[in-house]
Structures are given as C-alpha cells and as structure tokens.
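Visitor: Chain by chain, the residues run as shown.
There are 2 protein chains.
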Amino acid sequence: MTDVRTVGILSPGEMGAAIGGVLHQRGLDVVTCLAGRSSLTRLRAEEAGIRSVDGYDDVVQSADVVLSVLVPAEARSIADQVAASMARTGARPVFVECNAIAPQTVRAIEAVVHEAGGAFIDAGIIGNPPRHPDDGTRFYCSGPDTEAFETLAEYGLDVNVVGPEIGQASALKMVYAASTKGTTALWTELFVAARALGLEQALLDEFGPNHVLSQRQLASIPSMPRKSRRWVGEMEEIAATFEYVGLTPRILLGAADMYRFVGDTPLANQTSREADPPVEQILDVLTRTLAEDSKK
Amino acid sequence: MTDVRTVGILSPGEMGAAIGGVLHQRGLDVVTCLAGRSSLTRLRAEEAGIRSVDGYDDVVQSADVVLSVLVPAEARSIADQVAASMARTGARPVFVECNAIAPQTVRAIEAVVHEAGGAFIDAGIIGNPPRHPDDGTRFYCSGPDTEAFETLAEYGLDVNVVGPEIGQASALKMVYAASTKGTTALWTELFVAARALGLEQALLDEFGPNHVLSQRQLASIPSMPRKSRRWVGEMEEIAATFEYVGLTPRILLGAADMYRFVGDTPLANQTSREADPPVEQILDVLTRTLAEDSKK
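First to last, the protein sequences are chains A and B.
The first sequence maps to residues 1 to 296 in this note's numbering.
The second sequence maps to residues 1001 to 1296 in this note's numbering.
One chain only, chain A, in its complex shape (with noise of 0.2 Å):
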C-alpha cells in the first residue's frame, strides 16, 4: 500500500470537512486552504481537526494525497490551481477527483492534472457526509492505480474500486444520483402542481394510504431545499453524461430546473439537518412563490 501520511482536502464543504474528520480521527494528517472561504468553512475545518496552511502550494508540498471535494461548478478551477501548484513546486501527491461530474469531465480534468506531471485517481462519493461511522458513506474509485486512495480504507473510509477506467467511478456517481435527486426532483414538481392546481388530496388519495413510492418521496423533500443550489450543477453534469452516451439530457435539465427554482427561494438558506422544514411548509412556500412568479 502507498504510505499515506497527509491528505490535503480542497475544500472542507460540510462533505470535505466531514472526510476530513474521520481521517483525523484515525491518524491521518489533513490540511486545507482556506484562503476565500467562508466563516462556516472555516469553523468546519477547524471543528473537524483540519491543519490550514497558506496556499495551494503549501498543500500540494505537505499532502501525499489530495482530495478535490466541491460543488461541481468549480471543480475544473481548482484542478487547475492544484496543477499550476504542482508545477510551480515540483511536489506530486496524487490528485483525486471526488466531485459529482460526468466522466468526460473528469478526463478533461485528468488532462490538466497529467500535464503537470501528477498521478490521477477518479472518485464518486455516495451517501451523506461521514459524520458518523454508520452513515455508510460509499467512496468508490476507479483509475489504472487506485492505490492511494485505497489506503484511506485504513483511515475509515469505505473504499471501493469499480474499475480501471478513469470515468466509471464517477459516472457510477452519475447514474445513482440520478436515481435519487432526479425522483426527488421529479416528484417535488408534481407535488407542486398537484397543490397549485388544487388536487393534492385528489392525487394522495388515489395512491392511498399504503403507496411506499408517493411516501418515501415526500419524506425525501424536507432535505432537499438546503443541498437545492449545489445540485444545479450536479443535476447539469448527469445531463451531459446521458447526453455522452446519446440519450436525451432534458429529463435531467429539467430536475436542475427544479432545484433552481427552489435554491431561489429562501428555504434554500436554511443550512441544517435539525432545522429542515417540514414537507407541507415546502410544498406551501413553492406553491406560493409560483403565484407570485406568475403576477410578474
């Protein structure tokens, strides 16, 4: 196994943060940038044992690994500061793309990251951030040498290979989110124009008391309004991984469609698991800002 002694995470999100703990918890030394970053950020990191050092070129030379971990908007950006940083310094940790984007994405970023001389690893991660050991954070990876990021098994993450291809770790990523975020998007505007159009008890009773689908789905949507804006883009990468392999990417676009409608209203503010509203206050609120949308 490759001798994993620090990890630098790019950046400590409430996900990278929640990574970063774990691998501190276990031995690891994990350092960030902050530069740029919010308050929250920063107390995150701080709250999760993450070490801040002054720039990316401090990462690069401190970290035998570092993770990319962001919305997906700006996982290109940061690809290419961690590739100037690299050969600026001439330091090499491996680079591993842990975002939410569509594989040939990630093989654009792979491009960046190899032209600097650095080694690359693809990732996808699934589940919610590894706060706790029996959240069950899946950490699949894919690549022709998957041995770094496989080491960090020894350090708490569930790590799993899925094959030697850079690209299938993350359209794995792909295809289950959309299985999760594209229903829960799905489901969210039907249940919305039920109750625009005055028939959501009509519709509830036909599925009728026993219906698991319509139930899972409405308890999927208190959630969903604080994680809305950052699934935009991810909604938009799942597109463009359907579209890769010829299929339509408007189902997917219009899921973005979705989370953009709701990331512009203020549910999308609330930031914590404790606080989510309930499923009735979402519901009214979308259903309200549609008439007032439509006054405009």
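Hints were generated in silico from the structure; no laboratory data involved.
It is possible that some hints are incorrect.
[Said to hold, decoys possible] Computed Cβ-Cβ distance ranges for the label pairs, DEER-style:
1) B:Gln-1104 / A:Pro-277: 28 to 34 Å
2) A:Gln-270 / B:Leu-1040: 52 to 58 Å
3) B:Ser-1220 / A:Gly-49: 45 to 51 Å
4) B:Gln-1201 / A:Thr-180: 37 to 43 Å
5) A:Arg-229 / B:His-1132: 45 to 51 Å
6) A:Val-161 / B:Asp-1284: 21 to 27 Å
7) A:Ala-87 / B:Glu-1280: 44 to 50 Å
8) A:Thr-271 / B:Lys-1295: 46 to 52 Å
[To be verified] If you want a taste of the chain B side facing chain A, the calculated C-beta under 8 Å gives, among others:
9) Leu-1043
10) Ile-1126
11) Pro-1129
12) Tyr-1155
13) Leu-1247
14) Thr-1248
15) Met-1258
16) Leu-1290
[What the hints assert, rightly or not] Per the computed footprint, the stretches of chain A lying under chain B, defined by three or more beta-carbons under 8 Å from a beta-carbon of chain B, are:
17) 90-100
18) 116-129
19) 197-205
20) 213-223
21) 275-283
Using N, Cα and C, we set each Cβ at its ideal position, and we do this for glycine too.
Since chain A is already given, all that's left is putting chain B on it; use the hints.
Guide: Frame of chain A; chain B shown alone:
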C-alpha cells in the same frame, strides 16, 4: 340520475374497447364508428359487443353520452368532428373528454363542444383497461354537471367526482401519470446509461438486494415499450400542464424523448401483455440502439 341507454365510444382502441365491453356486459347499448380504423380495432370492438354505425352523425344521433378515448394527439380532431356532427344533426349527447391531456387543452376542446351546443364533462382514467373487474380502473370526472358520467357507475365503472371545474379531472390524471410514467422514463434512462457505461452491475450492487424503488422500477419496464408510442404525446401534455402552472416542462419533455427513443425500436411493435419481453432484453436492445445510432 340521467337516463343513459346508449353510449358512444370514440375510438375502441385497447382502453375504449375495454370500457365499451364493461358497459355492454352491464346492459348498455354501445356504439362506435369504425371508418378508417384498423382491423385490430374492428376485432376488439366486435369482441366487446360494440355496435358499429356508419359515421359520426349516427354516433351522436344514437348516443346519450359520447366518450372520447384516444391517443392525446387525436383528442382535438375527434371533438371537432363530433361537434360538427352535433351541429349538422341537431343531436346533443353529453360529450365526455376522457383523454390524457392538459387541463388547458381540455378547456379548448370544451369551447368547441359548447359552441356546437353540447354539454361537456372532463374525465381522467387511471389504471389499465378494465378487462377484469379486479383491474381496479378509476374514472375521475369534473365539471359543473357530471351526472351523465356518474350514471355509468351503475354500469360497472368506478366513477369518482374530483370537483366542479372542467380541467380538474384531467389535471389529476396528468400529475398521477407524471408519478408513474415520468418515473419509469427516468429510471429506464439511467439503467440504459449504466449499461452503456458498463456499470449496470455496480449500480445494482450499490442499490443492494432489498432496494424497493429500483426493483419496482425495473419491474415497470417490460410493459412499457408496447405503450411507449402513445406515451410520447401524454408526456408532452403533462409538460404543458406543468408549464401552465409555471413549472419547468423539461423533465416531462425528456420523458417524451425517452418514449420516442423506445418507440422507434422494434420493441414497440409488440402489442400483447402476455408477450412482454424480460427487462434484460429491453435494456439490451436499447443500449445496442444507442451504440448503432452513435455510428451514424
């Protein structure tokens, strides 16, 4: 209750013939016009005990109630023809719009029927064609006066009143169909994408053996290809319904794309429930079609 002795059905396709069969078995006189219809439609009508008359003029003159049961794309044209026959003959049966169309489309059709002096009821059918009593097909209706349609509950239909407005019954059908056929479109797409990317087994492993949603969605795929062509228009009507209330039409337009894609394969030529192919075969054909399309 309105005295109903004769019901016109336009047209006796799979759903229309099944409804006509139930009403005929319960003692109603059921008529249709088969001009320009296929030999399969003729055979279905005959088996259901539906009496064929020469033209639409005869249908409106014979029937107390006319049910419009067609693919969405033909709904407007049939209403135009029935309205013309009403104007020509002076006969005024109650027109019941049973098609899977957007509420605003229903109201446009209502205007045509009113113009010809006919009474109008909105209806939406949820479930399979009622070939057996335990098929549990539900008939929803709405409008200021739905009595003529409610009378059919005495002749074997499960009739439910949604509300006093034209458009409500159709809208209920739209949001319900979004939940079933919209979800099937999304899951078919993601399973085809997973297979095209060589990740189908990895995805199934991630779901695990007790994952209710994936198992139900896989089970919904075998009966879909033979319905896919008529679902294209239905998805477009749901998209129009969502757009009408201010929500994105793109999820459902993408669902229409998926059913167009399936409908363009030989899988859609199959017509019998008993001959539905296994899901493996369907995903295989769809994935190979993608690969062939990409070579063009």
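Visitor: Evaluate each hint against the coordinates.
Guide: How the hints compare with the structure:
For Gln-1104 of chain B paired with Pro-277 of chain A, a C-beta distance near 32 Å keeps the hint of 28 to 34 Å intact. Evaluation of the 52 to 58 Å hint for Gln-270 of chain A and Leu-1040 of chain B yields a pass: the beta carbon distance comes to about 56 Å. Between Ser-1220 of chain B and Gly-49 of chain A, the C-beta spacing of about 47 Å keeps the proposed range 45 to 51 Å intact. Taking the beta carbon of each, Gln-1201 of chain B and Thr-180 of chain A are about 19 Å apart, not inside 37 to 43 Å as hinted.
Restraint check, Arg-229 of chain A to His-1132 of chain B: a C-beta distance of roughly 49 Å satisfies the suggested window 45 to 51 Å. Val-161 of chain A and Asp-1284 of chain B have their C-beta atoms about 26 Å apart, which keeps the hinted 21 to 27 Å range intact. Checked against the hint of 44 to 50 Å, the C-beta distance between Ala-87 of chain A and Glu-1280 of chain B comes to roughly 49 Å, which is consistent with it. With their beta carbons about 48 Å apart, Thr-271 of chain A and Lys-1295 of chain B fall inside the hinted range of 46 to 52 Å.
Taking 8 Å as the C-beta contact cut-off toward chain A, the hint placing Leu-1043 of chain B at the interface is violated, the least distance being around 33 Å. Interface hint status for Ile-1126 of chain B: upheld, as the beta-carbon distance to the closest one in chain A is roughly 6 Å, under 8 Å. Residue-level restraint check for Pro-1129 of chain B is violated (minimum Cβ-Cβ distance to chain A is 18 Å; threshold 8 Å). Taken as an interface hint, Tyr-1155 of chain B does not check out: its beta carbon lies about 22 Å from the nearest beta carbon of chain A, beyond 8 Å.
Because the smallest distance between the Cβ of Leu-1247 of chain B and any Cβ of chain A comes to about 5 Å, under 8 Å, the interface hint for this residue holds. With a cut of 8 Å, the hint placing Thr-1248 of chain B at the interface with chain A holds, because the nearest CB-to-CB distance is about 4 Å. Of the supplied interface hints, the one on Met-1258 of chain B holds, with its beta-carbon coming within about 6 Å of a beta-carbon of chain A, less than 8 Å. Because the beta carbon of Leu-1290 of chain B sits about 4 Å from the nearest beta carbon in chain A, less than 8 Å, this interface hint is met.
For a cut-off of 8 Å, the count of residues in the segment 90-100 of chain A with a CB near a CB of chain B stands at 0, and the three-residue condition is violated. Counting residues of the segment 116-129 of chain A whose C-beta lies closer than 8 Å to any C-beta of chain B gives 1; at least three are required, and the coverage claim is violated. Coverage of the segment 197-205 of chain A by chain B holds in this model, with 5 residues showing a Cβ closer than 8 Å to a Cβ of that chain against a need of three. With a cut-off of 8 Å between beta carbons, the segment 213-223 of chain A has 3 residues touching chain B; three or more are needed, and the interface restraint holds.
Figure legend: the segment 275-283 of chain A, annotated as covered by chain B; annotation inconsistent (0 residues with Cβ-Cβ distances under 8 Å, at least 3 required).
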